[in-house]
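Colleague: If you want the building blocks of each chain, they are given just below.
2 protein chains.
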Amino acid sequence: MALAYILGSFCTAIAAFFGMTAATRANVKTANAARKGLNQAFPVAFYGGAVMGLSIVGMALLGVSVLYYIYGPEQLDIILGFSFGASALALFAKAGGGIYTKTADISADLVGKVEIGIPEDDPRNPAVIADNVGDNVGDVAGMGADLIDSYIAGTIAAMIIGKAWADTLIESNAITNTTYVILVILPLLIKASGIIASVIGMLFVRVGKRGSPGAALNRGTFSTGIVFAVLTFLIIHFLGIGDYGLGIFFATVAGLIAGVVIGITTDFFTSIDRPPVLKTAEASKTGAAINILSGFSYGTISIVPPVLGIVVATLASWYLAARFGVDPVYGVAIGAVGMLATLGMIISADAYGPIVDNAKGIAEQSGLGEEVIEIGDKLDAAGNTAKAISKGFAIGAAALQVLALFAAYAVVVGIETVNLMDPKVIAGVFVGAMMPPLLSALLILAVGRNGFRMIQEVRRQFKEIPGLMEGKAKPDYAACVDIATKGALKELMLPCVIAIIAPLAVGFIFGTEALGGFLAGSILTGIIFALFMANSGGLWDNAKKYIEAGEFGGKGSEAHKAAVVGDTVGDPFKDTAGPSLNTMITVMALVASVFAPLIATFALVWG
Amino acid sequence: MALAYILGSFCTAIAAFFGMTAATRANVKTANAARKGLNQAFPVAFYGGAVMGLSIVGMALLGVSVLYYIYGPEQLDIILGFSFGASALALFAKAGGGIYTKTADISADLVGKVEIGIPEDDPRNPAVIADNVGDNVGDVAGMGADLIDSYIAGTIAAMIIGKAWADTLIESNAITNTTYVILVILPLLIKASGIIASVIGMLFVRVGKRGSPGAALNRGTFSTGIVFAVLTFLIIHFLGIGDYGLGIFFATVAGLIAGVVIGITTDFFTSIDRPPVLKTAEASKTGAAINILSGFSYGTISIVPPVLGIVVATLASWYLAARFGVDPVYGVAIGAVGMLATLGMIISADAYGPIVDNAKGIAEQSGLGEEVIEIGDKLDAAGNTAKAISKGFAIGAAALQVLALFAAYAVVVGIETVNLMDPKVIAGVFVGAMMPPLLSALLILAVGRNGFRMIQEVRRQFKEIPGLMEGKAKPDYAACVDIATKGALKELMLPCVIAIIAPLAVGFIFGTEALGGFLAGSILTGIIFALFMANSGGLWDNAKKYIEAGEFGGKGSEAHKAAVVGDTVGDPFKDTAGPSLNTMITVMALVASVFAPLIATFALVWG
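Going down the list, the protein sequences come from chains A and B. So the first sequence is numbered by the working numbering: it starts at 55 and just counts up by one. So the second sequence is numbered by the working numbering: it starts at 55 and just counts up by one.
Be careful, since some hints might not be right.
[What the hints assert, rightly or not] Here are a few chain A residues that face chain B, going by a calculated C-beta distance under 10 angstroms:
| no. | residue |
| --- | --- |
| 1 | Ile160 |
| 2 | Asp176 |
| 3 | Ile183 |
| 4 | Ile250 |
| 5 | Val253 |
| 6 | Asp476 |
| 7 | Gly505 |
[Unchecked claim] Short, incomplete list of chain A residues facing chain B, as computed with Cβ under 10 angstroms:
| no. | residue |
| --- | --- |
| 8 | Ile132 |
| 9 | Thr354 |
| 10 | Leu369 |
| 11 | Lys478 |
| 12 | Ala487 |
| 13 | Gly571 |
| 14 | Ile582 |
| 15 | Pro626 |
It is worth saying that the hints were derived from the structure and are not from the lab. Bear in mind the structure is a predicted one, so any value in this text is a computation, not a measurement. No residue lacks a Cβ here, since even glycine has one placed at the ideal position from N, Cα and C.
Please take these sequences and the hints and turn them into a complete structure.
Modeller: What follows is the structure, encoded as structure tokens:
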């Protein structure tokens, strides 16, 4: 299991490395291709992102498949270790990377732009390299990591639940040995069908003569979904598992549809031309406080559609599965698998965003002319929408995966009820629910503390390095990168320790059922805080951009200053705390599942 | 039941009316008494607040007792109607009053202080009367209402649970008829003992020759607690219910102690001389955004001690009760009763705060001299601490009451498990958990919308009434009061409708167990959001005050401007949304309990 853990971390790291390398190269190439026109530039950017998308899902599925091939259905806990390793690395990339990128961002802005008065990304700023590195870490590697651990955890959760169900079926001689194996590995097959569908769907991502990049991306997403549904139906049909097949197919489709709906409704709350952003931008006219209150409120309201989506997906996959004799818990797990199966296409569309954003920046800085910049703008607008949709999707999908993981935990420890009328469960639920808000707050404070260290270093350099302001001397970039890195690692300690110790403490003191309550509580508030933080952050960001486009006084107005405050508050919300929560709850659920046998044996059971 | 509902509203309204009348009179009298010295002024202020404290608990207990006397143990649902009425009025006072007071506050400040540049509370400001009325509504009536509905709901919940347990005992002939009645009315007796203890405790509230008012208030609170414990022990002992008595006594004390611990730890997070406030004040130096992030984070972390307190109180009262053969659910309900029993003293200390605050203002405005103002300051400082403690206490106590109400609901519908592995329960928990954040956001947006209406009216008056700025013409105060009132009522509609419809929808569609999940989910996030909002708001307020006292640049500095942004964000958090949530979740739990018989009969049960 320890080796599987290392393998999991390694696979994730490799995928992130491939993706990031391809993305950084695609930046320049896209800018260059834009000189020949939109039709030339778009595929460069999109396929640059697709490297990330496909390498992530490919590595994940490969790792799980190889381990299953070696150890077979009897030792699925080995694959739990793989998942744990992937999540640990994801936690490192997202929470650590999130602290890193915001530390650098805040310090570069506060000292450079505000105190010294030099432009953004000015090479005289000692924090500029750390800031640029942070952007790439957060936008490309972080985003991929945001989904990979859910992808793996969801797969293994479905396999564990499937095996438990298949065990009962084979004991009563209801199925053959072949069907047994099919039920266990079906989550892998569905995910594989999703990868093939993604590759086929990518062929549809083409801008016509006057076509828009946004429409092209959407066409890709929708055709992937349709191809995936057809392919999955065919696979299940030819496997010949009878009625079970229909139930499993419908559960998959329920998950798929719920994912799309969640993504689209999230877009409403963060899109630059919709009421939430417009009203928040307008609220900036009356000052920073009203901007904050407006963004906070709409961000909070934005939890409603995804939460309802998760509820509907859970109920639909449960009852559709049960209708055809499939174990309903397995149905929910399969719904989660269906929701994330087309991840290859979704990450590709998402990674397209930062690539065209950077390409636009390169075009501006290297003076490639008005026309090229205009093309860059068109590409970029489509990227923002794609990013918003996949962000909502990521959180919704993560929620359903963790729900599946919660069910898998119950299977591993062999409990059938987690009764909210039991005081130990109540204790577990309360402590669990407390974790996500607590961990978010710790991460945000970490950004503040680390940023403060870096601000002092930047100030010191401007004071002590002669000729720096005049551009005659080079700043010590490495010192800032060093502070950002070491600080991020140091600050990461406490939240990570809490995320690992808390489920163990609840489990060993109050027993397995209470630990189930703990997981349920952490999933509940984890989803709510992750959604609220991601969406508030996104809408503050866009409200600022809307004002910068010339509305309500434009750049430099009082409204703009107020919107900048909102954007700065939103930054650690959406880039540090929000995206870390998904992984935090996944890690807690995996800790619970991995240690479940020990907890079941050694827990102090009292009462 | 409809009559009981009206009676409940009426009793609460009467108590609030008495309290508010006494408090407003005590303002002037305290200022006047301060001319003769601290020792003369203190008792005037404290006993002014005590009118509020004692009339609230008195009316509440009187109402419940009279209804019990008329209808007896067989029709406890009548008393549920009484509780429902009290909560409906409390919701009106807190959510409606919260919108009212913040509407007026924001408009008076933004137009008066910021746009026109006249001082605070200037009679030329058309919004000034609405603002002053709002302060009294929020601080005195709202605060009382914040606790009264918990007090009543907790009592009736304990009686329902006690009766269910007593029913099983008498069926097996384990107890006599007398013991049966005792077990049902014991919550009333414990509450009565708390009122007597409060009156005795008040006798200890005395400032010696050089004594401090803060110490006097604390002495009152602690002696009330001790007297209450002794009195309760004696009452239970003389009732002669054997071992049961010991279990019930220990559960009561567990609740009492947990309440005090929660109150004291909350104080840590909002107190002006503790790290959270100091660091937030310091963060203001780097701008509004960092101030917001710091306040948000510490406010979020502040949920940890009360949540752990609730967990410990629940477990302790459960196991202590079970240890002596008492039904453990009854034990938890009794713990909740014990926690709120000394409410008379707590509200008195709390109401003292706004009285001395206003008295200080009166002393300043009417030029009573340095010495009197200094006495006012001393009185005020003690009031702030008392207020912080009772606020934390209120939320913690409310949480335990609603937990008891949740148990009472289960008793009413006759369910013994609310299983988190059941998809209908999962759906209920998710939808329930979504409610408190959603309702908070709606209330905050309501403040913004209503404030905008009033701002336009204030601007109009300054523009259209000739001679207003010169003080020659009177503004139309009534128009502003009208906007605040009508707007608050109008904006209150949607949140209230949601709070009533949502539990009914979940209950009728998914059945009684899912509705149990709904309540559990709403309690969970309700507590978290109520605590985070109240404490963040409180600490932003004190961070601003700390800077105004001359630190980090003092009034008018950049740090101060940043702290004002935090304070403005915190205002609707702590005065509108935060305190409304307790009542919202109480109302939802009562809706569930009152409609339980209908739901059990007519729910669509599927799956």
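Colleague: List in ascending order the numbers of the hints, as given earlier, that are violated by the structure.
Modeller: Of the numbered hints, 2, 3, 4, 5 and 8 do not hold.
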